[in-house]
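Those protein sequences? They're chains E and C, same order as listed.
Each residue of the first sequence is one higher than the one before, counting from 1 in the numbering used here.
Each residue of the second sequence is one higher than the one before, counting from 1001 in the numbering used here.
None of these hints come from the bench; they were simulated from the model.
There's no promise every hint is true.
Think about it this way: if two alpha-carbon atoms lie no more than 27 Å apart in a straight line, the pair counts; the simulated DSSO-like pairs of lysine-lysine are [to be verified]:
#1 Lys-1221(C) x Lys-119(E)
#2 Lys-1060(C) x Lys-1268(C)
#3 Lys-360(E) x Lys-1221(C)
#4 Lys-175(E) x Lys-216(E)
#5 Lys-216(E) x Lys-360(E)
#6 Lys-358(E) x Lys-139(E)
#7 Lys-1234(C) x Lys-336(E)
#8 Lys-290(E) x Lys-1221(C)
#9 Lys-1234(C) x Lys-175(E)
#10 Lys-358(E) x Lys-1060(C)
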Amino acid sequence: MKRILSGVLAGAMLLALCACGGDSSAPAETTAAGTDAPAETTPAEASTELNIYMWQQYISDELIANFEEENNCTVNLSYMSDNADAITKLTAGGGQEYDLIMTCDAYMESLIAGGYVEKLDLTQIPNSSNINEAYWTAKDYCVPYLMNYIYIVYNTETCPIDITCYNDLIDPALKGQISTIDGARNLFPIALIALGYDPNSTEESEIAEAYEWLVKFNENVVAYGAAEQNLTNGTASVALTYDGNTSWAMSEMGENNTLVVADPFDDAVQLGFDLYVIPTGAQHTDLAYKFLNYICDPEAMAKNLEEYPYSCPNDAAVAAAPESYRNDPARNFSYKENVFFQEDVGEALTIYNDYYQKLKVGQ
Amino acid sequence: MASLTKVQRRRKALGILGDVYAILIYTVLYIPVVVMMIFSFNDQRYNYYWSGFTTQWYGKLLSNHALMDSLWYSIIIAVLATVISVVVGTLGALGLKRYEFKMKKFINSMIFIPIIVPEIVLAVALLIIFMNIGVSLGMGSILIGHCTFCIPYAVVTIKGRISGDGETLEEASMDLGANRIQTFLRVTLPSIMPGVMSAAFLSFTLSIDDVVMSNMLAGAKNSTLPVLILSMNKSGVTPDVNALTTIMILVIVACMLLSNAVKAMLRKRSQAA
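Given the sequences, and given the hints that come with them, work out the whole structure.
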């Protein structure tokens, strides 16, 4: 009797499991079918929906609203908290959920090699001619959106020394004063340059030396992340951060601004791009192309820059941007050409990650 | 006499020590919450530093559609995950406790696997499975993901409440003419109700503040509140999020007080009977 009962209960449990699986996956399946159907049966019909996966607080609501109105569609924005989120979703095969994904230049080589992104038909993006070729790597696969210099900014009133190179950052006078961006592939290049090596080095001995440099740097760090916050509220007097964040911090301080970009600066600074790719298997590529073309439009982009004052690879848009953007002190520095890019370091990434963990945990 | 006062003195000292200990623990636990609440009244766009008192964020909260939509999305998922986990958890707990079958021990210990395995591993595994079998991401995928860790907790919690004498009561109930369903509803379920309630609260809490699983399994159209808040990290969390969280904490505290009141009432009733 008990045996039968246990069977029944186990069955009920299974059924319940299946039921909940069925219940919950049913709407998912129907939505999948819903998005599949129009694409398969009537390929010529225009999409009415565009799914974008990108950073939060990085594109103007007005731009999105205008695009929706012009193309009679809905744009669904969902946000990542880290570049790795987008990469994980793409590599797990989740690409077809989205029509456009934001990623950065450092990942492009691997993404192309893995076949995770669609090759672009640039004839469908005529406005892309506005983009400065110098800032356009992997041209056939992506459209750069905005870009970031990682440089040093400091408070002239509270910072005890003048900073003109990375080695100044390990000066003991700066103990507990630096607010810095985080991440192995952001920190190690700076140490490598300070030591006179290639910022994308794959030599373990050089990376190990860079680690030693970063240990000294670490002693001066008061906080990782949130540089604009730490600069404005006085937690830090120096920051290694993005130009966009510096712009926020400077405008937040308004007339009492005492922040300056370290200039002259002897070492190369990192320049990174946030760019859009069309993931392999995207459902609404027609709208994706229209959107890419729209963000390359100088007028539309210029308005966007007013709200999000980041550096932009679109020269025509920069020219069309208001005075306040073009004269922003955060982007007014003399070494814009002295830059390096983050490159794919292949297998050496494990070495970086090991030393980075060692740096974070502290041996 | 002297020794007695010594004991009393020692007791008093221990009592003070206990108070200090409790105050310390609660301070550490609640200072972040209090600071978070205070900053919901901050008159600044990004909460960089304190710059004046305002209640505007509570008003602006209602017009922040992204935030409100993701809140509803989170609540719907949490409620569904709770219902599923409690139903499956109750059936599972009863089956695993009361009945003998092959591999019972094995299945019993298997329950702990989703609890022990790091969530990110489960999340990525589920993502890969969903993508391979063609389940599109959205509420369904998040819900299944949440159930994978809520159900084991529910089973374990409810199992702990099932006592040995429940079985004799059930037999007595059936001896007296109740059928199995009547017995379950009127004898078994009430006896394990506290466990079921704890499991429900636990599942709801786990689901509503989950970020790892939701982040991986969210589709293109909606995301849950914790995922949205995490994604704000790049540019700074705005005070309306603090306002929303403050309201949520107040609601949760109210719910807990209510639940305690109901429990006290039930206890009184059962004592009277």
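Name the hints, by number, that the structure is in violation of. When the structure is compared with the hints, numbers 2, 3, 6 and 10 turn out to be violated.
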